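2 protein chains.
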Amino acid sequence: MADRRAADDPVRIGLLGRGTVGGAFVKLLEDRAPAVGSATAAKVEISGVLTTSEGDFEEILAGSDVIVELMGGVTTAREHVLAALRAGKPVITANKQLLAQYGAELFAAADEAGVQLRFEAAVAGVVPVIRVVQESFSAVEFNKVFGIVNGTTNFILSEMASTGASYEDVLARAQELGYAEADPTDDVNGADAAAKMAILARLAFHTAVDFEQVPFEGIESVQPDDLAYAKELGLSLKLLGVAERFENGITVRVFPCFLYPGHPLSPIEGPFNAVMVEAPEITEVTMSGPGAGGLQTAAAVLGDLVTVISGDAPVHRAENDLPILSDVESSFYLHLEVADVPGVLAQVAKMLSDSGISVKSVVQKGIGNDARLVMVVHRCPESRFMEAVEEIAGLDSLRSSPRFIRVIEEVFV
Amino acid sequence: MADRRAADDPVRIGLLGRGTVGGAFVKLLEDRAPAVGSATAAKVEISGVLTTSEGDFEEILAGSDVIVELMGGVTTAREHVLAALRAGKPVITANKQLLAQYGAELFAAADEAGVQLRFEAAVAGVVPVIRVVQESFSAVEFNKVFGIVNGTTNFILSEMASTGASYEDVLARAQELGYAEADPTDDVNGADAAAKMAILARLAFHTAVDFEQVPFEGIESVQPDDLAYAKELGLSLKLLGVAERFENGITVRVFPCFLYPGHPLSPIEGPFNAVMVEAPEITEVTMSGPGAGGLQTAAAVLGDLVTVISGDAPVHRAENDLPILSDVESSFYLHLEVADVPGVLAQVAKMLSDSGISVKSVVQKGIGNDARLVMVVHRCPESRFMEAVEEIAGLDSLRSSPRFIRVIEEVFV
Numbered sequence: 001m002a003d004r005r006a007a008d009d010p011v012r013i014g015l016l017g018r019g020t021v022g023g024a025f026v027k028l029l030e031d032r033a034p035a036v037g038s039a040t041a042a043k044v045e046i047s048g049v050l051t052t053s054e055g056d057f058e059e060i061l062a063g064s065d066v067i068v069e070l071m072g073g074v075t076t077a078r079e080h081v082l083a084a085l086r087a088g089k090p091v092i093t094a095n096k097q098l099l100a101q102y103g104a105e106l107f108a109a110a111d112e113a114g115v116q117l118r119f120e121a122a123v124a125g126v127v128p129v130i131r132v133v134q135e136s137f138s139a140v141e142f143n144k145v146f147g148i149v150n151g152t153t154n155f156i157l158s159e160m161a162s163t164g165a166s167y168e169d170v171l172a173r174a175q176e177l178g179y180a181e182a183d184p185t186d187d188v189n190g191a192d193a194a195a196k197m198a199i200l201a202r203l204a205f206h207t208a209v210d211f212e213q214v215p216f217e218g219i220e221s222v223q224p225d226d227l228a229y230a231k232e233l234g235l236s237l238k239l240l241g242v243a244e245r246f247e248n249g250i251t252v253r254v255f256p257c258f259l260y261p262g263h264p265l266s267p268i269e270g271p272f273n274a275v276m277v278e279a280p281e282i283t284e285v286t287m288s289g290p291g292a293g294g295l296q297t298a299a300a301v302l303g304d305l306v307t308v309i310s311g312d313a314p315v316h317r318a319e320n321d322l323p324i325l326s327d328v329e330s331s332f333y334l335h336l337e338v339a340d341v342p343g344v345l346a347q348v349a350k351m352l353s354d355s356g357i358s359v360k361s362v363v364q365k366g367i368g369n370d371a372r373l374v375m376v377v378h379r380c381p382e383s384r385f386m387e388a389v390e391e392i393a394g395l396d397s398l399r400s401s402p403r404f405i406r407v408i409e410e411v412f413v
Numbered sequence: 414m415a416d417r418r419a420a421d422d423p424v425r426i427g428l429l430g431r432g433t434v435g436g437a438f439v440k441l442l443e444d445r446a447p448a449v450g451s452a453t454a455a456k457v458e459i460s461g462v463l464t465t466s467e468g469d470f471e472e473i474l475a476g477s478d479v480i481v482e483l484m485g486g487v488t489t490a491r492e493h494v495l496a497a498l499r500a501g502k503p504v505i506t507a508n509k510q511l512l513a514q515y516g517a518e519l520f521a522a523a524d525e526a527g528v529q530l531r532f533e534a535a536v537a538g539v540v541p542v543i544r545v546v547q548e549s550f551s552a553v554e555f556n557k558v559f560g561i562v563n564g565t566t567n568f569i570l571s572e573m574a575s576t577g578a579s580y581e582d583v584l585a586r587a588q589e590l591g592y593a594e595a596d597p598t599d600d601v602n603g604a605d606a607a608a609k610m611a612i613l614a615r616l617a618f619h620t621a622v623d624f625e626q627v628p629f630e631g632i633e634s635v636q637p638d639d640l641a642y643a644k645e646l647g648l649s650l651k652l653l654g655v656a657e658r659f660e661n662g663i664t665v666r667v668f669p670c671f672l673y674p675g676h677p678l679s680p681i682e683g684p685f686n687a688v689m690v691e692a693p694e695i696t697e698v699t700m701s702g703p704g705a706g707g708l709q710t711a712a713a714v715l716g717d718l719v720t721v722i723s724g725d726a727p728v729h730r731a732e733n734d735l736p737i738l739s740d741v742e743s744s745f746y747l748h749l750e751v752a753d754v755p756g757v758l759a760q761v762a763k764m765l766s767d768s769g770i771s772v773k774s775v776v777q778k779g780i781g782n783d784a785r786l787v788m789v790v791h792r793c794p795e796s797r798f799m800e801a802v803e804e805i806a807g808l809d810s811l812r813s814s815p816r817f818i819r820v821i822e823e824v825f826v
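Those sequence lines, one after another, are chains A and B.
For the first sequence, our numbering gives the first residue as 1, with consecutive numbering after it.
For the second sequence, our numbering gives the first residue as 414, with consecutive numbering after it.
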């Protein structure tokens with residue numbers, strides 16, 4: 001779309017809606033202005049904002065090059081998005097219900113006008129599943145697209161499984177933490193996930209799928225003892241959206257479902273989303289990340305905006321000239337074979353401690369006359385650890401050279 | 414690039430190299446011709462093929478609109494790719510060493526000519542990490558990009574951990590299974606991963622990173638007892654590529670590394686790749702899938718080709734008119750509260766068996782005078798299961814309505 005503007009004119013964004021996501025988008029666009037400028041070779045400015053109390057849609061539309069719809073709801077949003085597309089303006093939206101209910105009309109309007117309609121933020125938050133399905137795998141024939149597409153319910157099920165608490169208690173906790181809305185109906189009954197699956201199935205199978213065609217079940221009736229029994233059977237419970245292609249048609253559904261350990265979706269805990277796509281030529285690809293949050297949704301919108309403005313793929317330019325550092329901090333596993341004499345552990349521990357390196361865990365085992373001393377030490381500059389190992393290597397009681405391997409200490413969720 | 418051709422002219426592909434990946438690409442392009450046609454609104458044909466025994470590069474270049482480089486090696490590949498870019502032809506390549514060693518020159522040539530240079534297949538096989546970093550997150554400031562970017566070594570480490578076998582024995586097995594090359598040096602010593610990390614770090618941090626600047630360690634000296642001790646400490650071993658941004662610069666390195674359980678990369682087993690990207694506005698996003706294989710690599714190349722031809726994002730059209738099916742097969746968890754009378758299990762089992770439903774596992778427990786009967790049944794048509802449940806619900810010995818939840822039976826590696 002760069003062609004339509006004079007080279008120095010800024011790209012004018014008409015923003016519809018300035019709630020949580022809209023506000024986060026405005027701030028992110030400001031914070032990332034240099035990166036946006038470099039990726040698009042253009043200046044971007046917000047030329048008008050429509051809220052319930054200010055702004056005139058027709059004026060905003062006339063004065064903008066791109067419309068970003070973050071107002072939510074379907075009635076007014078539908079009218080404005082259609083008007084923008086028909087006026088030849090690309091539209092970016094995060095509105096899953098709009099696409100799930102009026103997709104046919106909106107996609108046809110975009111196609112007719114020859115402008116982009118992008119909506120990464122509508123499904124799986126910042127996890128780039130829309131782009132991957134539509135672009136990376138545009139010529140792939142999918143067998144199956146499925147996953148955890150609602151973070152609220154995944155948080156609730158994870159909490160119920162780990163604490164044994166009831167659905168009601170965990171829902172209340174999720175509301176306190178901001179993972180569930182005051183009215184959580186659409187999340188917990190599966191409607192939100194069904195809207196997302198309608199969109200995903202439509203794109204993956206190139207066929208019309210509307211929200212009304214997606215049967216959904218929620219998690220409201222899951223009992224703590226279902227989760228307890230499931231644990232005995234080695235199962236974990238997720239609310240899944242599943243779109244599958246058969247010889248004679250497709251199915252698109254949302255239901256709570258048990259998974260065996262080893263399934264790529266079974267370790268996804270907390271308010272996360274994860275989507276798997278399957279096809280013969282790609283086998284399976286899994287993508288996961290935080291499901292929502294204002295900032296994450298805004299980041300997905302911004303990614304779409306940069307693509308709309310830059311048109312073709314961004315060219316890589318090594319604009320930063322960052323030095324490459326050699327010494328960083330790491331945690332280490334250290335393996336020592338020592339003569340089983342009293343005091344070796346103390347000696348090694350002192351050497352480490354004198355170097356300012358603290359020990360996190362130790363395993364010691366006798367093997368014949370010798371002992372293996374295996375430990376994990378906390379993060380320290382690698383150069384300091386190497387010096388300490390060199391010193392330890394000089395100990396008479398060592399039977400062979402010390403062995404060490406780095407350890408990532410972070411423990412997720 | 415569609416603009417440069419007359420509407421009905423096919424897009425001519427000049428293919429350099431026809432080995433495993435090149436052959437798979439030719440076949441996939443043929444198989445997916447309808448999908449490619451629909452995504453690009455163009456016919457695509459291979460107009461020339463260069464192998465060591467046939468074809469003339471200059472002729473092929475002159476007679477093609479796009480060059481697909483799958484010949485490997487760096488010397489001739491570099492000359493041809495540069496020549497193509499300078500001639501204004503977009504290039505798609507799967508050649509990681511070429512990009513890691515001559516990236517600066519190649520990206521500059523593409524930028525100068527204003528044509529696309531795409532290379533999804535060069536990093537993490539079919540896992541679309543290049544597109545996600547360059548496009549979805551083009552305005553994101555990454556803190557860290559890291560992961561398992563070599564499937565051979567991940568297979569070897571997984572096998573060593575699960576079987577206790579030595580590095581040498583597992584390597585031999587990997588070679589038999591086709592997961593390791595006859596000469597596995599570049600995989601096992603970390604050089605292959607280092608080339609991929611040079612490319613990823615360059616894109617993520619918009620800075621020049623060459624292969625020579627990436628220190629790498631391999632897995633050749635990992636001992637079975639390191640893995641055994643690690644298990645006692647709750648750790649799993651992966652060969653990681655890590656690119657990280659600090660206040661004063663970046664680091665890009667490859668090394669074997671222990672992970673705690675709960676880390677998103679710790680469940681990645683076998684010949685898989687997985688990449689995590691971290692930034693404040695996206696928190697963390699993880700992508701995983703098969704690391705290589707001719708077909709998977711060809712699929713990544715084809716995704717790039719469709720993007721190069723279609724230019725802007727593909728417009729969604731609901732061209733297929735697939736029926737939405739209602740009855741499919743599922744496996745189920747079934748929870749029954751029954752009076753603890755002998756024979757209820759037998760009765761329920763008979764009802765299921767008469768409906769052709771087979772039981773996979775059962776847990777039975779007494780609670781006061783009652784018992785809970787919890788089972789998982791194998792896949793059957795859902796309608797048939799619902800009928801059986803209705804019949805079971807009519808049993809006098811039942812204390813409350815039966816509860817059931819679907820189960821996904823597939824167990825992944």
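For the record, the hints were derived by calculation from the structure and aren't laboratory data.
Please read all numbers here as calculations on a predicted model, not as lab measurements.
There may be inaccurate statements among the hints.
[What the hints assert, rightly or not] Capping the alpha-carbon separation at 30 Å, the derived lysine-lysine pairs in DSSO-like fashion look like this:
no., chain 1, residue 1, chain 2, residue 2
1, A, K144, B, K440
2, A, K365, B, K440
3, A, K43, A, K27
4, A, K43, B, K557
5, B, K763, B, K773
6, A, K231, B, K440
7, A, K350, A, K360
8, A, K350, B, K773
9, A, K27, B, K773
10, A, K144, A, K27
11, B, K557, A, K231
12, A, K231, B, K763
13, B, K763, B, K778
14, A, K360, B, K644
15, B, K456, B, K440
16, B, K773, A, K144
17, A, K360, B, K778
18, A, K350, A, K365
19, B, K456, A, K144
20, B, K557, B, K644
21, A, K231, B, K773
Each hint, compared with the structure:
1. A:K144 to B:K440: Holds, at roughly 22 Å.
2. A:K365 to B:K440: Measuring from Cα to Cα gives roughly 56 Å; hence the hint is violated.
3. A:K43 to A:K27: It holds: about 16 Å lies between the C-alpha atoms, which stays within 30 Å.
4. A:K43 to B:K557: Within the cut-off at roughly 27 Å; holds.
5. B:K763 to B:K773: The hint holds at about 14 Å.
6. A:K231 to B:K440: At roughly 46 Å apart (the allowed maximum being 30 Å), K440 of chain B and K231 of chain A break the hint.
7. A:K350 to A:K360: The hint holds at about 14 Å.
8. A:K350 to B:K773: violated (56 Å)
9. A:K27 to B:K773: Violated, because 54 Å separates the two Cα atoms, which is more than 30 Å.
10. A:K144 to A:K27: The hint is violated at about 37 Å.
11. B:K557 to A:K231: violated (35 Å)
12. A:K231 to B:K763: holds (26 Å)
13. B:K763 to B:K778: Since the Cα atoms of K763 of chain B and K778 of chain B sit roughly 20 Å apart, the hinted pair holds (cutoff 30 Å).
14. A:K360 to B:K644: The given pair, whose Cα atoms are some 16 Å apart, holds under the 30 Å limit.
15. B:K456 to B:K440: OK: K456 of chain B and K440 of chain B at ~16 Å, within 30 Å.
16. B:K773 to A:K144: holds (24 Å)
17. A:K360 to B:K778: violated (42 Å)
18. A:K350 to A:K365: holds (20 Å)
19. B:K456 to A:K144: holds (27 Å)
20. B:K557 to B:K644: holds (27 Å)
21. A:K231 to B:K773: Holds, at roughly 16 Å.
Hint check: violations occur at hints 2, 6, 8, 9, 10, 11, 17; the rest are consistent with the structure.
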